[in-house]
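Visitor: Spelled out from the first residue to the last, the chains are:
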Amino acid sequence: MAAISVKHLKKYYRVHQKEPGLLGSLKSLVQRKYFNVEAANDVSFEIKEGELVGFIGPNGAGKTTTLKCLSGLLYPDAGEVQVLGFNPWDRKQTFLKQISLVMGQKNQLWWDLPPIETFNLNKEIYEVPDAQYKKTLDELVQLLEVEDVLKIQVRKLSLGQRMKCELIAALLHSPKVLFLDEPTIGLDVVMQKKIRDFIKEYNQKHQATIILTSHYMGDVEELCQRIMIIDKGQLVFDGQLSEIIQKYADHKLVSLILNQAVDPKVVAKIFPVKEFVYPKLVLMVKRDQIASTTARALEQLPVADLSIEEAAIEDIIRELFTGKDYA
Amino acid sequence: MKPLVSEIRRYLRLWRLLLRLSLSEMLMFRINGLLFGLAPIVWAATVLIFLGVIFSKVKTLGGWSLWETVFLLGVSETVFVVYWASFLINLRNFINEVRTGRFDQSLLKPINSRFLVSFRTLDFTLLGSFINSLAIFVVSLAKVSDQIHFSRLPGFLFLLAAAYAICYLFHFIFASLAFWVVNARPFLDWIFEIADFGHYPAGIYPPSLRMFFTFFIPILFFGYFPTAFLLGRLDNLYLGIAILLILALSIISRLVWRAGLQRYQSASS
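Protein chains in written order, with my numbering: chain A, 1 to 327; chain B, 1001 to 1269.
One or more hints might be untrue.
Said to hold, decoys possible - So the derived label-pair ranges between C-beta atoms look like this:
#1 B:ALA1259 / A:LYS200: 37 to 45 Å
#2 A:LEU159 / B:ARG1009: 25 to 33 Å
#3 A:SER5 / B:PRO1154: 54 to 62 Å
#4 A:GLU221 / B:TRP1190: 53 to 61 Å
#5 B:ILE1008 / A:LYS151: 44 to 52 Å
#6 B:TYR1011 / A:GLY239: 40 to 48 Å
#7 B:ASN1096 / A:ASP90: 45 to 53 Å
Stated by the list, open to error - Residues of chain B placed beyond 10 Å of chain A at every Cβ, according to the derived structure:
#8 THR1060
#9 SER1113
#10 ASP1196
#11 TYR1238
It should be emphasised that the hints constitute simulated quantities derived from the structure, not laboratory data.
The beta-carbon is built from N, C-alpha and C at its ideal position, and this holds for glycine as well.
Please take these sequences and the hints and turn them into a complete structure.
Guide: The structure is reproduced here in structure tokens:
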């Protein structure tokens, strides 16, 4: 049975538009212009137990709205959603005890108290037995290396330390389903890596079903085999990460190391140059022209070394979002 | 029956923990403790001087003597301060949480979200106001003790409890409007402003206003009715009215809350 099943989910927001300035505010007071935002429009997918799925899309695509519908925060306008066999918006306690939603930009920690106080409160709220609480807390604290900050006021912690503590607060009850909404936002690369490693380990160790949204493709590349792409409320891709490359990347990157300087203008006239910083020249070549272009480059340029690579997933996704050609 | 008892015990345990966290939170800011008492003392002095000026011109106010009126002030203010520190502060915070989307966290917890919204914190900074109003209550109690009907003490205590229930439910309905208008704070504030009318004997108001303050904006429950009952100035009918009002407000608040939850849009991340 699927841990998460979504069929034709629709969620619309009615928002009003205000022109800038005081006059705009007065106009808006008298006559408001409303329009509907289709945050989730006929979204359908299934996720198996233990899967770690990347959910990506541009800003305002509908990622967070979908996660909020799945966790029971929002009532959908139409469609069916089942998470662990529950209707999320019934908000049954047995359901809420098995899920967790971590939002990178919203916290649940008590701001003026040390994180350990929120952990203790969550223990009571989630009715975690003493022994299990101690074991889980010790394990999480050790994995995330936050022994030293447990008794320091949350407001005095760094963003990375806070995010780690947010994760602990969200995982103390060992949820079976975890919704992670941009958990690495604003973190430096070292901290991003630590959080990624932790998510991977948690997924493998607990067989937790995880949906991860992130603007950092590194998160998705490293953690998820399957990704779903949403744009303007519609799911435009659902499949393996490797399929994205096959489906959307009709180019490969041919990297050449030159052993002699050449005029970049001349090179650009005869080769499809992606970037050129001597001695490295990168060509973006259509898949069916790889052999011929490579042969031509070897013949016409002073090549010392050559390698052929797939285009970076981040570039493919960026072009996909910019070009909006999902066919 | 057993699950209900264990559920009540669970919520009481949670409430105790929330109170402890609120106190710890306040103690993080040591200077707050020093600023406790000054403002309430100024307020009490102002009101008492105001009453002194009025009673220098008249012998009774709405049929109440000076000390009866001070006693009413002591009761209503004590009740009000406790109400503010325990419920009103939470309802104000709740409105803000809906606007900012922080209410998400309350909805995600496997406990009654209404409980968490209503009991999350206790404003210990009002301790000074509480001591102040309690002092007025105790001093005036000694002055009017010969007028108190001790047989009416249970009814008085019931009406005090009813005062909390009625005002909480009433304010809760208005706070729940946050699901529709997002910033519902003004609704609570204007009710808060007119609560002062409850500090004085209801006899000074015309009958239509008394009806209004009993059924529509029930501020007279917030001190006047319990005090008048204890002093033998109110019949048992008001005990029944209190029960009916609690029932009606409970139903309305439940309906508004459920409709509001369906409408909740959170805030974007």
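Visitor: Hints first: check each against the structure and report whether it holds.
Guide: So, going through the hints one by one against the coordinates:
1. B:ALA1259 / A:LYS200: 37 to 45 Å: 42 Å, holds
2. A:LEU159 / B:ARG1009: 25 to 33 Å: Violated, at about 39 Å.
3. A:SER5 / B:PRO1154: 54 to 62 Å: Given a distance of about 56 Å, which is inside 54 to 62 Å, the answer is holds.
4. A:GLU221 / B:TRP1190: 53 to 61 Å: For TRP1190 (chain B) against GLU221 (chain A), whose Cβ atoms are near 55 Å apart, the range 53 to 61 Å holds.
5. B:ILE1008 / A:LYS151: 44 to 52 Å: Violated: the Cβ-Cβ distance is about 32 Å, outside 44 to 52 Å.
6. B:TYR1011 / A:GLY239: 40 to 48 Å: 46 Å, holds
7. B:ASN1096 / A:ASP90: 45 to 53 Å: 27 Å, violated
8. THR1060: Its Cβ never comes within 10 Å of chain A, the nearest being 48 Å, so this holds.
9. SER1113: 8 Å, violated
10. ASP1196: ASP1196 (chain B) clear of chain A: closest Cβ-Cβ about 30 Å, beyond 10 Å.
11. TYR1238: 38 Å, holds
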